[in-house]
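So the chains spell out like this:
Number of protein chains: 2
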Amino acid sequence: MNLSPGQLDILFQALGDPTRRAILERLARGPASVTELAAPFDMALPSFLGHVRRLEAAGLVATAKDGRVRTVTLVPGAFTPVRGWLDEQRALWEGRLDRLDDYVTRLMKERANGSGSED
Amino acid sequence: MNLSPGQLDILFQALGDPTRRAILERLARGPASVTELAAPFDMALPSFLGHVRRLEAAGLVATAKDGRVRTVTLVPGAFTPVRGWLDEQRALWEGRLDRLDDYVTRLMKERANGSGSED
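Sequence order for the protein chains is A and B.
When you line the first sequence up against the numbering used here, it's residues 79 to 197, in that order.
When you line the second sequence up against the numbering used here, it's residues 79 to 197, in that order.
Next comes chain A alone, as it looks inside the complex (with noise of 0.2 Å):
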């Protein structure tokens, strides 16, 4: 994935924080028009605002106007870059605990080895 530094900071920070996630996962039902997505929470609209547009920023959503009122919906495959670093350390880390067992399996077969001879 050639992603640069800069999208996966502006996508993490999108994420971090409770408001903008709620939205997230109210929009993962289907599109919603601002005023829906705002009538949960108890915040006044302009920093509402904010978040939607924090998020359409960060390309998680993209909002369309249709006369007065403004539908917000999730774009797909948003979360792509996120769960392809999460992946990438995933296998990092599997590949290292193989290493390991690789390691611990040759030292165990060397000692037996070892033993046998001693005896």
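A couple of the hints might just be wrong.
From the structure, some residues in chain A lie toward chain B, with a derived Cβ separation under 10 Å [as the list claims (entries may be wrong)]:
hint: 1; residue: Q91
hint: 2; residue: D95
hint: 3; residue: E103
hint: 4; residue: A106
hint: 5; residue: L152
hint: 6; residue: R161
hint: 7; residue: E166
hint: 8; residue: Q167
It is worth saying that the hints were derived from the structure and are not from the lab.
Using N, Cα and C, we set each Cβ at its ideal position, and we do this for glycine too.
Position chain B against the provided structure of chain A, taking the given hints into account.
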């Protein structure tokens, strides 16, 4: 998963920085001293230590001091809450696509039946 929103905030915010992600990538290959970790970065040591402390506060790394050497290790399973949240989003999204699929299939069957009776 019973995670407080605050824990996810701290984790995502900790991951939203290129230096901190690079430290985690290095540690996925195995533990390292602070000196080794800091070497590739053109950064004053206090700033670098601030990043290590931030990762430690998020529960992503653990540090231990042995004499003058402080060793940093990745905490196993530290990414689990982040993965858990992403998995939940995927499940919600896929559930929605399945329902859409069912709806379209039903609609097409009704149309096929409807146009059949009109013929």
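Cross-check of the supplied hints:
The closest approach between the C-beta of A:Q91 and any C-beta of chain B is roughly 4 Å, which is under the 10 Å cut-off, so the hint is satisfied. Annotation: A:D95 was flagged as interfacial toward chain B, and the flag holds, the nearest CB pair being 6 Å apart, inside 10 Å. Against a cut-off of 10 Å between C-beta atoms, the interface hint on A:E103 holds, since the closest Cβ of chain B lies about 7 Å away. Because the closest C-beta pair between A:A106 and chain B is about 4 Å apart, less than 10 Å, the hint holds.
At its closest, the beta carbon of A:L152 sits 7 Å from a beta carbon of chain B; the interface hint therefore holds under the 10 Å criterion. The interface hint given for A:R161 holds, since its Cβ lies 6 Å from the closest Cβ of chain B, which is under the 10 Å cut-off. The beta carbon of A:E166 comes within 8 Å of a beta carbon in chain B, closer than 10 Å, and the hint placing it at the interface holds. Hint status for A:Q167: holds, given a least beta-carbon distance of 5 Å to chain B, under 10 Å.
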